[in-house]
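Undergrad: Please model the entire structure based on the sequences and the hints provided.
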Amino acid sequence: MWTQIKTDLHRHRGMHQLFAIVLGILVAMMYAVAALIEAQPLLNKIGQGSNMTSLFPAALVVVLVVMMLFSVMFMVYLNGLLIARREHEFQLYRRLGMPQWRLNFSLVGETLISGCAGLAGGILGGIVISKLLAMMLLRLVDSSQSVGLLFSPVAIGEVAGVVLVLLLALGGLRAISASGRDVLVKAQTTPEKTVVQPLTASMVIGAIVGIGLFGWATWVLAALFYWTSRFTHWFGGNAGLGSLFVGWGLAEVVGVYLLYACTLPMLIALHLKQQRKMSAKYYLWLVAMYKRLRTNTQSLWLTTWLTTVTLVMLGSAAMLYQFGQAVVVQDVAQSILTTQGGMRSVKKHVASSDVAQTWQLPTKLAAGRVKLRMRNNSDKQENTLYQVIALRDYQKIRRHQTDLPHVTLTKHQAVMITIGQTYYQTKGIGGWNNAGRKLTLTRTGEQLTLKTITNQFPLGGAGYFDRALVVSNAVYDGLQAPIDQLTGIKLKPAAGKRVESALLKSDQVDYVAYDHATLTGKKPIRFLKHASNTTMDRDAISLRRPDLHQMRVVFGFLLFIMTLLGVVFMVATASILLLKQLVSGRQTQHIKTTLRRLGMPAADLAHLQVAQVVSVFGLPLVLGSFNAILGIRVLQLALDGSPSSSVAIAFGAYTLVYVGFAAITAMRLNQL
Amino acid sequence: MRMVKVDHLTKIYGHRFNRVTALNDLSFGVDAGEFVGIMGPSGAGKSTLLNILATMDTPTAGGVWIDKTDLSSMSKAQSADFRREQLGFIFQDFDLLDDLPVSANITLPLTFVPPVPSDLDDRLQKVGDLLGLLPLMARYPAQLSLGQRQRVAAARAIITHPRLVLADEPTGSLDSLAATELLRYLAKINLEADTTILMVTHDAFTASFCNRIIFIRDGAYFAEVTRHGSRQDFFNSIIDMQASISGGRRHHVDADQN
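Chains A and B, in that order, are what the protein sequence lines are. In terms of the working numbering, the first sequence opens at residue 1 and continues consecutively. In terms of the working numbering, the second sequence opens at residue 1001 and continues consecutively.
A hint or two may mislead.
Unchecked claim - Covered stretches of chain B (in silico footprint by chain A; criterion: 3 or more residues with CB under 8 Å from a CB of chain A, positions within the stretch not fixed):
id, segment
1, 1088 to 1102
2, 1167 to 1174
Claimed, not checked - Incomplete in silico selection of chain B near chain A, CB under 7 Å:
id, residue
3, A1080
4, R1184
5, K1188
No lab work stands behind these hints: they were computed from the structure. Quick caveat: nothing in here was measured; it's all calculated off a predicted structure. Built from N, CA and C at the ideal position, the CB exists for glycine as well.
TA: Written out as structure tokens, the structure is:
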């Protein structure tokens, strides 16, 4: 029995190595997360300064459970793929009369041995990467805490327990797959599916439906607000949203499947009609791609979705991390932003020696009325409060706050600044913008033409009740309205922490009247002492660095979690593709031999192989990235056009690792 | 004109303590337009000889010239060019690509290196006509009988107008009816396309379609039989010679004198 196991382990060492390596990587990730959950003091330290101390371990537990569930499902899938390659061997053993129990024992035995190797390696690897993960987490959440290797017997017990049960189940599955009666009868291969067929009606219909569904799903993502308003119009509020979501999901899922199963093979079959005019290299590549598309539809579809989900997770988390920083910077452009109301506290705690630079921005408070086109494609009249800024003061601030957009105005033009920029100004399919709309200052009756809408407030959005309006100097000077002075202060580095901790205690708030009479211009705008149903408010003092830290803790932790899940999904995606490629590489080994015998140049043969690997890896990557970009674009719109350079970095990192796997596959195939 | 010259060819496999001499100082020649069979018992070195002739293996000593080209001086790339342009192959297991239709299987060697010949369709038409494959062009190998598959392999071998066609047990996988049909086609190729054919076989019936048979044993030249009369007489001579090989005598036999 032992000899049998040893022989099988040796004969299928490639398969067992792959099994152990993939399991090892998953175990390492699971252990590292489990050990992090056990490292309570570290998590408490990280959560300090935010209200999320209890949330961190809970979120990590959820991540661990997701990882475990996914790993179990994925290992079952991988196990099935690996065992399918050995059908012939089981057939032989059974035909020669090997007792079923003996075969079962040896299959369970070899699964346990290769699995335990993976488990042990994974836990060792997990202890090593636990430090890296903890360091990464600390860095992302802006903490200067030091950390060592995380060794946790509890975590080892948890992970090992789950994996051992999994291994027994996998061994059992192998035994079941080797015990069927059909194992004794040699399976007939069906060449019909792999050869290029003349176009059938079902394939053409599938191809057209595939393009239609995928195209519509893409359109929905590209013009989400248009389709949301259509569906809510047709089916009513929640039912409309629900049916759009379900319809879109089905269209994506079925559309991508049909693209692989019908559309692409049909395009190849049409192209191949002129086959004799093509070079063999190109022709054989097309035939091989047709075959892969028809026989590996499910794995291409699955890897496309894994790629989409991974990229959406990584991209959104990276974008949110960057958004968190950007939103604080947009909110408070310098170390301190204070209003007239907050100046007394600031003067009390900030000495002139603490200050590196100060900016003054005078604004005038005025109510305005404008009819704007919303994202749901309807016009809406809006009355609200504007802090009016003279163009000269705006330019003065812009010299230091360089992310403010460049503005030029004629006398009666104005630029509106609002936090919901993309709500009023969208480009792309079904897009519109509100340039040219007339805005009336209700108190004076002055009419201005909107030139553009932006979301960048001079000195930061925290100093504004609602919106701002940049107007020409002449209009500003002529405007009769109460003055509201904003001050931005840049602290010297040494003074930062002391001043901030003193000012953090201040919770002073400014209130301004926001009743109907004020907004329609019947009453002048006035500051109030207390809040009511008809007041608007803002913090009198806003600080930049504590807010930044808070954002880093929240979004840094989110990015950390998404990266963990992303790595697990990526390992799954790449190993499915790698394995499928190696299997088909072995199956088509005789084709390579024939082509070599017939005198195909070795370089062309190598190119053909590389082209196949690139295509099989490339298709899910391209389609998955396309889906992910559209998905992230929706999030970006929801975040009011948040910056996206971090998304490019996340995509780049993913692609780089993915290309690495493709290169490994190509090298392994060349060694066959 | 001499098409193939095998000169003191020796091939030794293995290492110092476990040497196997597959070919042992073998010499013979084949003239252009001949249909020559190579026969010998299992392990005589037939396949090794064919592999060396096909530039897929290299000799330990001696040399092989095909149409005055010395095979031993070729690089790997030159060997590939040579196989593609000067040789045609017919293998026992057909070596067809299952995913390609018959027409693409036949024209495959012509499309390896661009440009694709302008007379590709004409050539396909001609070999298809010669081997009775015209109605089968759109089918796939799995949809053909074994005999038809081997005819596709033969068509692929001759579409490049090779100097020499090498056939390795071409009837090994065929029933007697399909084998006879294929051999008739090979004889037709030899006569009508004036193609030199060198065929390795262990079957006397198959060999009887050749003009001359070279017998090898233990990697060395043993004897040869040339056809002068009917195929039946030639077949009988081959059977006699096979019996002699088993008996261990080494002699030169002329079929008509036996």
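Undergrad: Run through the hints listed earlier and report the numbers of any the structure violates, in increasing order.
TA: Of the numbered hints given earlier, those the structure breaks are 2, 4 and 5, listed in rising order.
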